[in-house]
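Visitor: Here is what each chain is made of, one letter per residue.
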Amino acid sequence: MAVNEMKLPETVVIPLQQHIGAPCEPLESIEVGSEVKKGQKIAESSGFVSAPIHASVSGKVTAIGPYNHPLGRPVEAITIESDGQDKWDENIKAPESHDNLSPEDLRKLVREAGIVGLGGATFPAHVKLSPPEGKKIDIVVINGAECEPYLTADYRVMLEQAEKIVFGLKIMIKALGAEKGVIGIEDNKAEAIKLMEEAVAEEDSLSVEKLHTKYPQGAEKMLIQVTTGRVVPAGGLPLEVGVVNHNVGTAIAITDAVREGKPLIERVVTVTGAGINNPANLLLRVGTLVSEVVEHCGGLKENTQKLIIGGPMMGLAQPSTDVPVIKGTSGILALTDQDVHLAESSPCIRCAKCVDACPVQLMPTSIAQAAEHDKFDKAEKLHAQDCFECGCCAYVCPSKIPLTQWIRIAKAEIAKAKK
Amino acid sequence: MVMDKKMIVSSSPHIRTIESVQSVMTDVLIALFPVSLMAVLLFGYQALITMALSVVTAMVVEALWLRKRDLYSDGSAAVTGLLFALVLPPAPPWWLIVFGSASAIIIGKQVFGGIGYNIFNPALVGRAVVLVSWGGHMAGNIWSPPQPFAFGTDVSAVTGATALAEPSEAMNYSLTQLFIGTVPGSLGETSALALLIGGLWLLYRGHIDWRIPVGFIGTVFVMGALFDGGFYSTHLATGLFHVLAGGVMIGALYMATDMVSSPVTPRGRLIFGIGCGLITMLIRIWGVLPEGVTYAILLMNAVTPIIDNFTVPRQFGGVKKSA
Numbered sequence: 009m010a011v012n013e014m015k016l017p018e019t020v021v022i023p024l025q026q027h028i029g030a031p032c033e034p035l036e037s038i039e040v041g042s043e044v045k046k047g048q049k050i051a052e053s054s055g056f057v058s059a060p061i062h063a064s065v066s067g068k069v070t071a072i073g074p075y076n077h078p079l080g081r082p083v084e085a086i087t088i089e090s091d092g093q094d095k096w097d098e099n100i101k102a103p104e105s106h107d108n109l110s111p112e113d114l115r116k117l118v119r120e121a122g123i124v125g126l127g128g129a130t131f132p133a134h135v136k137l138s139p140p141e142g143k144k145i146d147i148v149v150i151n152g153a154e155c156e157p158y159l160t161a162d163y164r165v166m167l168e169q170a171e172k173i174v175f176g177l178k179i180m181i182k183a184l185g186a187e188k189g190v191i192g193i194e195d196n197k198a199e200a201i202k203l204m205e206e207a208v209a210e211e212d213s214l215s216v217e218k219l220h221t222k223y224p225q226g227a228e229k230m231l232i233q234v235t236t237g238r239v240v241p242a243g244g245l246p247l248e249v250g251v252v253n254h255n256v257g258t259a260i261a262i263t264d265a266v267r268e269g270k271p272l273i274e275r276v277v278t279v280t281g282a283g284i285n286n287p288a289n290l291l292l293r294v295g296t297l298v299s300e301v302v303e304h305c306g307g308l309k310e311n312t313q314k315l316i317i318g319g320p321m322m323g324l325a326q327p328s329t330d331v332p333v334i335k336g337t338s339g340i341l342a343l344t345d346q347d348v349h350l351a352e353s354s355p356c357i358r359c360a361k362c363v364d365a366c367p368v369q370l371m372p373t374s375i376a377q378a379a380e381h382d383k384f385d386k387a388e389k390l391h392a393q394d395c396f397e398c399g400c401c402a403y404v405c406p407s408k409i410p411l412t413q414w415i416r417i418a419k420a421e422i423a424k425a426k427k
Numbered sequence: 002m003v004m005d006k007k008m009i010v011s012s013s014p015h016i017r018t019i020e021s022v023q024s025v026m027t028d029v030l031i032a033l034f035p036v037s038l039m040a041v042l043l044f045g046y047q048a049l050i051t052m053a054l055s056v057v058t059a060m061v062v063e064a065l066w067l068r069k070r071d072l073y074s075d076g077s078a079a080v081t082g083l084l085f086a087l088v089l090p091p092a093p094p095w096w097l098i099v100f101g102s103a104s105a106i107i108i109g110k111q112v113f114g115g116i117g118y119n120i121f122n123p124a125l126v127g128r129a130v131v132l133v134s135w136g137g138h139m140a141g142n143i144w145s146p147p148q149p150f151a152f153g154t155d156v157s158a159v160t161g162a163t164a165l166a167e168p169s170e171a172m173n174y175s176l177t178q179l180f181i182g183t184v185p186g187s188l189g190e191t192s193a194l195a196l197l198i199g200g201l202w203l204l205y206r207g208h209i210d211w212r213i214p215v216g217f218i219g220t221v222f223v224m225g226a227l228f229d230g231g232f233y234s235t236h237l238a239t240g241l242f243h244v245l246a247g248g249v250m251i252g253a254l255y256m257a258t259d260m261v262s263s264p265v266t267p268r269g270r271l272i273f274g275i276g277c278g279l280i281t282m283l284i285r286i287w288g289v290l291p292e293g294v295t296y297a298i299l300l301m302n303a304v305t306p307i308i309d310n311f312t313v314p315r316q317f318g319g320v321k322k323s324a
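Protein sequences, first through last, are from chains P and Y.
9 is the number of the first residue of the first sequence in the working numbering; add one for each residue after it.
2 is the number of the first residue of the second sequence in the working numbering; add one for each residue after it.
Simulated from the structure, these hints should not be mistaken for laboratory data.
Here the structure is a predicted model, which is why all the values come from computation and not from measurement.
Hints may be right or wrong, so weigh each one.
[To be verified] Calculated lysine to any residue pairs in the SDA-like style (CA-CA distance at most 20 Å, straight line):
#1 Y:Lys69 / P:Ala351
#2 P:Lys222 / Y:Gly207
#3 P:Lys386 / Y:Pro314
#4 P:Lys389 / Y:Pro306
#5 Y:Lys7 / P:Ser299
#6 P:Lys389 / Y:Val313
#7 P:Lys222 / Y:Ile19
#8 P:Lys309 / Y:Ile9
#9 P:Lys408 / Y:Tyr118
#10 P:Lys222 / Y:Glu20
#11 P:Lys408 / Y:Gly76
#12 Y:Lys7 / P:Leu324
#13 P:Lys389 / Y:Pro314
#14 P:Lys408 / Y:Ser24
#15 P:Lys383 / Y:Val313
#16 Y:Lys7 / P:Thr344
#17 Y:Lys69 / P:Ser354
#18 P:Lys389 / Y:Gln316
#19 P:Lys386 / Y:Thr312
#20 Y:Lys7 / P:Gly306
#21 P:Lys222 / Y:Phe317
#22 P:Lys408 / Y:Gly207
#23 P:Lys386 / Y:Pro306
[Stated by the list, open to error] Among the chain P residues that face chain Y by a calculated CB cut under 8 Å, a handful are:
#24 Pro327
#25 Ser328
#26 Ser354
#27 Cys356
#28 His391
#29 Val404
#30 Pro406
#31 Gln413
Cβ atoms here follow ideal geometry from the backbone N, Cα and C, with glycine treated the same way.
Only chain Y is shown next, with the shape it has when bound in the complex (with noise of 0.2 Å):
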């Protein structure tokens, strides 16, 4: 009888969206698409081990950790595992990966309490620990040049360096080569092209907001603009160069952008992303090493609750404060 029926009492609202984190994970794997696929194309087999075998790897260790049986789960260890292997040279050892990707689970992000909690962005805590653990594998003349369409090349027998290592170098690229890709880089970085059509996709679902990536590529451009010296014909192309060149695209739209660790307020997270691009700057004109997005995302990871803090967004119909 349904009459009698006793009736589920909560609070409302009664409806929710059918968005879960499972779902804005598993859109993010989506957006990251284009580039896997770029990665693939330009790098060959080798991408394709690199980037299965960390994806593996933080899904494995994650479900170990929290003694679940479901690999995917929330989705979130695999777009870490991805995003590590994204930022990984070519072909590094598969002991290189595996450790990495593991680190980028235990110490990114479970050490911290697990998805939600941790206060860096995991899979650049995981390239920070490669980084400092085997620094020759990850950096120097290390970069294997693409080679599109072909598959089955052992892409590792031949490397250089990257356009960022010298000036001489850069000149070697054209702007338009950087854009598709076609230069030595990490796997995934060197795309712009495939990065913004991934790009795109997450803004238009809304899961990442402009203000990262807008005030990120902006400040990296005016900043190479103003202060690289034209080194690379005029001081505008400088300024795309730098742009282009490097993890600045990956970094900005992809990792910034990490929901967990960047300020949850519009103003905070324009801050957090012209921060990005300013430590960047600093460390690739004026810095020793020839890269700066990692720990420009990082350090900024770090200050992210201040600039919350700072940054609560006045109520509507609310006053200034008066001092």
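Isolated chain P, as found in the complex (with noise of 0.2 Å):
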């Protein structure tokens, strides 16, 4: 599915906090009634983790308060009414010549753009280019990998958009003084390794790496150990093992952001899942909302079940399509009764799928049973805190046994205690 361009939203919701770190403040120029043009900033944080946020059309504020939000909480939000004119801020021009700029400089206008990790995490971009003081990063790890099934944008992009991620993974590469880029692609894309290979051909420094078609193959220390052969230590970050990795959408953002100056406002998302009349990959300004989303892709089938933010693996249900798209939506999935299966769970029979499934080589039911009753020093001996909870452990469970949900409270629990 060919990535399209939606028609311009009526209405964005642009939440406040899209991204890991420090929720931004509206700027005080922002208030209900202000003009704003797109990819005018409209709010930002002073905290070191955390990304700008601007204006994804050009129109009115209309709201600045609490509005819902695909975390599940309702979450400060500017409101704009668009006035159709889709005019950019004048501020916003391409910058003269990139060549010339220092790693600090391209921080810095990474950070500007409010690029964030657009593979779903949000952890803002700069950050991840500016690594410790005595830390040397000598590969960046470009995720081509697609995070979850039934998401297709990571890979339109490649197939659309392949020059302007290796223009993107250049930079990167600049601004950590790093030496090496490989982007991770899975075999079963065989177009993208093809474009992404061409692509990469003049480049020594650069390759493309082919990997097994897997989920959670797209996971960080997955696709960094596949990649590289490293092994980040747990409870580790990429870094200590002299790694940086970003998305293939976030390579897209930093090229915009350092060639033509441009802010992240907008962003590839799959919409898709049985529930959806006509599924489609779509260019989605930030704070479009999920119902004229919806709506555009011929609406939900009426026996739609679930409404998911982000992949069938992790992503988050939501309890209706009134929630924006924000700077981390990978997709926007409908299920209907035929894959939502609400069976009630019956006790382990200890088959051990979870274990020989857990990338992380824990022992989910063992994790699961501690949490369920109550011993939760159990469970961090267990390395509950190891889990990155992607799912695997309750996908297959015969018993259908919620064990991700468990390890969940047993991690919240585990943290609870250590404050």
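Hints given; two lone chains; assemble the complex.
Guide: Given below as structure tokens:
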């Protein structure tokens, strides 16, 4: 499904928290009634781990206040009614030259553009381009593995914007003072592999790594292991093994920021699932309401039971379509009664399929059992904190035990006890 | 109006495998089909009666215990009933079948809290119960030689010892006979061939881990070859004899691999398999009983929680704990 641009949304609701880290505050000049232009910065935070937020359409601010958020809790948001003109902010123009930008300049540029990890984790991108003192980063890994089943947005952008991905990767390498770049792509995406290989053919320091197609191949630690052979220590960050990892979409956003001065105000989203009448990959403005997107895609089928932001394994179920697309929204998924199995769970039969499925070699059934009996010290001994909630354990469980949910509870309790 | 509809909100993952406890148990029953068929081909109508009576008893007793109308339910009672029948002599008295099958369900499984909570393999608990209660029907010169393709023949008319009883008995049977199953023995233990076919199916379906059968059978082979004096022509042949004779194949592929009563960790499963093989051979070579598979597996079942505790896998990126 080629990426199409959706018609301009009538209103956008832009949450002030779209990244991991400090939430943004509206700029002083922004209040109800303010006129804003596309790309104009409307909110920011002084925290280092944060990313400013920009208007994604031109128009008038009609509300500032809490609004539904994909994370489930209402969050402060700025509502902008589009004037239909879609006019860029005059201050946004391409830098005259990007060749002589220093790593520090590049980081500033990326931060000012409000770029966060577009794979879904939404970690501010400039932070991942700022290695702490004394840490040498030598490899940048680009994630083209598609984080979850159903999603095809990353695949499409690789087909359509390979050149931009390579450019973005080179910027990252420059900002980090790294030596090599590796683009990891699953082997079921032969066309993307071919195109990306062609795009890096001239570059000695860049390569494409063909990966076995298997969820969760796009998970950071798994991806780094298969592309570089390095194992990120448990509880540690990739930079501890000299690696930084970014999504293909993030690379494109960085390219747009560096070459054209554009902030991150739109992203490619896969809209799919059996409940969607016309599935599509859409270029969506940040803040577009899911209800508008769904309508654009022909609406939901009657038997739709679940609406998910993200993918089927790690995405967040939404109570309604009245929720905005944010920077980290990789997919909008409508599941029908055919896909949603709300079977009651039965006792564990110790088949160990979860143990075999866990990509970080935990014992999900034992952790879940410990959590069920409030034995969180035992859950901690079983390394519950190393779970990244990929959902494989609960997926394979024939007894339909919500293992991932139990482990999440264990993680939260362990974190609480540490405080 | 679709827009107003409230969606279901639940924790991820939002998709689940279609596999269920029932489908897993049905797969086990499918895996047991070749050996059940072989039992009927070798031992005739009495094999069919024994298996049917045991399966029905197990299902009825479980349904009564749980006060459920669904006889098949998750399928686990049928599996237990069939496995119990397969480790019985071809034509035991009907009350022994009923008592043993009911014991398997009640003492082997339900008193612990039902499926998932039992410590021991239920079918082997049933076998142990009838073995200690009515040894005369379960051991000694009670074994009927198979009558291939003679469905209506009363096989219990002629009886003798199994190949494991005495070295002199062993010599009566070739390795080929032991592999195909045309030797006296329990209903489902004689044909290594039929057991292997079903075992491969379970491996293919991902319901058993190779570590348990390989550990079990490998240990039996090595110990047989090394420590049993090569009584069966050569040392290698003696090792193979120990693998093919008696209950090692059915034990290693279907009993020791019982999910509930075996370890969940990969290393644990290998240790478990090796332990089963070790105890089997200790009993066979140095013990007073001719066969040791049942007790070997039951003993290893008992230490399964300990094995799990000591074989927790190192998590991804985890460091070795320094002492």
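Visitor: Look at each hint and say if it fits the structure.
Guide: Structure-based check of each hint:
| no. | hint | result |
| --- | --- | --- |
| 1 | Y:Lys69 / P:Ala351 | 19 Å, holds |
| 2 | P:Lys222 / Y:Gly207 | 17 Å, holds |
| 3 | P:Lys386 / Y:Pro314 | 15 Å, holds |
| 4 | P:Lys389 / Y:Pro306 | 16 Å, holds |
| 5 | Y:Lys7 / P:Ser299 | 13 Å, holds |
| 6 | P:Lys389 / Y:Val313 | 10 Å, holds |
| 7 | P:Lys222 / Y:Ile19 | 18 Å, holds |
| 8 | P:Lys309 / Y:Ile9 | 15 Å, holds |
| 9 | P:Lys408 / Y:Tyr118 | 16 Å, holds |
| 10 | P:Lys222 / Y:Glu20 | 19 Å, holds |
| 11 | P:Lys408 / Y:Gly76 | 16 Å, holds |
| 12 | Y:Lys7 / P:Leu324 | 15 Å, holds |
| 13 | P:Lys389 / Y:Pro314 | 12 Å, holds |
| 14 | P:Lys408 / Y:Ser24 | 13 Å, holds |
| 15 | P:Lys383 / Y:Val313 | 17 Å, holds |
| 16 | Y:Lys7 / P:Thr344 | 13 Å, holds |
| 17 | Y:Lys69 / P:Ser354 | 15 Å, holds |
| 18 | P:Lys389 / Y:Gln316 | 11 Å, holds |
| 19 | P:Lys386 / Y:Thr312 | 15 Å, holds |
| 20 | Y:Lys7 / P:Gly306 | 19 Å, holds |
| 21 | P:Lys222 / Y:Phe317 | 17 Å, holds |
| 22 | P:Lys408 / Y:Gly207 | 17 Å, holds |
| 23 | P:Lys386 / Y:Pro306 | 15 Å, holds |
| 24 | Pro327 | 5 Å, holds |
| 25 | Ser328 | 6 Å, holds |
| 26 | Ser354 | 6 Å, holds |
| 27 | Cys356 | 5 Å, holds |
| 28 | His391 | 4 Å, holds |
| 29 | Val404 | 5 Å, holds |
| 30 | Pro406 | 5 Å, holds |
| 31 | Gln413 | 4 Å, holds |
When held up to the earlier numbered hints, the structure conflicts with none and fits them all.
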